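These protein sequences, in sequence, are chains A and B. Going by this note's numbering, the first residue of the first sequence is number 1, and it counts up by one from there. Going by this note's numbering, the first residue of the second sequence is number 1001, and it counts up by one from there.
No wet-lab data here; the hints were simulated from the structure. Hints should not be assumed to be uniformly reliable.
Straight-line Cα separation of at most 16 Å, EDC-like style, residue types lysine to aspartate or glutamate; simulated pairs [claimed, not checked]: (1) B/1148 - B/1061; (2) B/1075 - A/17; (3) A/75 - B/1080; (4) B/1116 - B/1061; (5) A/75 - B/1078; (6) B/1075 - A/92.
If you're wondering where the values come from, they're calculated on a predicted model, not measured in any experiment.
There are 2 protein chains.
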Amino acid sequence: MKFIFPFLGKTREEYLDAGIRDYTKRLSRFVQVEIMVLKSRSPKSIPDMVFKHQEAELLLDKINSPSYVIAFDTKGQEVDSPGLARLVEDWEQNGLQTIYFLIGGHLGLHEDILKKADLVLSLSQLTFTHEMSRLLLMEQMYRAWTIKTGHKYHN
Amino acid sequence: MKFIFPFLGKTREEYLDAGIRDYTKRLSRFVQVEIMVLKSRSPKSIPDMVFKHQEAELLLDKINSPSYVIAFDTKGQEVDSPGLARLVEDWEQNGLQTIYFLIGGHLGLHEDILKKADLVLSLSQLTFTHEMSRLLLMEQMYRAWTIKTGHKYHN
Chain A
1 MKFIFPFLGK TREEYLDAGI RDYTKRLSRF VQVEIMVLKS RSPKSIPDMV FKHQEAELLL
61 DKINSPSYVI AFDTKGQEVD SPGLARLVED WEQNGLQTIY FLIGGHLGLH EDILKKADLV
121 LSLSQLTFTH EMSRLLLMEQ MYRAWTIKTG HKYHN
Chain B
1001 MKFIFPFLGK TREEYLDAGI RDYTKRLSRF VQVEIMVLKS RSPKSIPDMV FKHQEAELLL
1061 DKINSPSYVI AFDTKGQEVD SPGLARLVED WEQNGLQTIY FLIGGHLGLH EDILKKADLV
1121 LSLSQLTFTH EMSRLLLMEQ MYRAWTIKTG HKYHN
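All chains should be modelled from the sequences, with the hints used to inform the complete structure.
Shown next as structure tokens:
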């Protein structure tokens, strides 16, 4: 099983980048991990909706089928951490090979992606910066594996 | 209005500490902020429930009444970021002077605190490390103020 995380642009906030690198390394003990940094153009000169759509195309362009796609949106389905661990178990039992985890840019994900995704999850009803959401997601996927495997992990 | 954040022990993860410091500084533009670092003893030699109770006493000991106390727990009430901004507005309109924001240690908050708190909120149904929750909380309180005041903040 392989987890692919396509990021829209580099993580510019250094402290978040440090955390993301830490959890990427930890998560790699359990599953093959690929962080894909996509070059997203400057949003300054175009309307928000156009930019959001361009970002959606950038993401969709990177997804090789067949694969399982999970999109993150505050309005998505909420799970607790043990529930996320059960999802990982299900993916494994269903023989899923490649799973994409999609997080939007500063405008969030375009409706097209939410419609095309196999599953739309929510990390929280609260809105976090998209770079912070990357850290939360990496930590949660690591936590899910520690729960699933009974690996000790301090909170 | 003053926001007090009593932390159980220092933030040991350096990258999280950097983020917490950043958002503490940002939040201070809107409201008086105090981070209180409480010395929590080593949990190694005592049972979890005893340790959790000791942490609860440490926290409750620091709270000067009259004040408004908000405890954080995954089972608490969920709000979205605009909802949190409305809460801040309510606190201001109700003339609240001092608000305590309580986050548990690695075991979470003791039942005693959840019972005594004026409000129990949840940052997410997902469980994050308690140090990560500190960062999320500081960011959300800053975000709430930017929403309330119409201050620009990139996501």
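Checked hints:
no. : hint            : verdict
1   : B/1148 - B/1061 : violated (32 Å)
2   : B/1075 - A/17   : violated (29 Å)
3   : A/75 - B/1080   : holds (10 Å)
4   : B/1116 - B/1061 : holds (13 Å)
5   : A/75 - B/1078   : holds (13 Å)
6   : B/1075 - A/92   : violated (28 Å)
Consistency with the previously given hints fails for numbers 1, 2, 6, ordered from lowest to highest.
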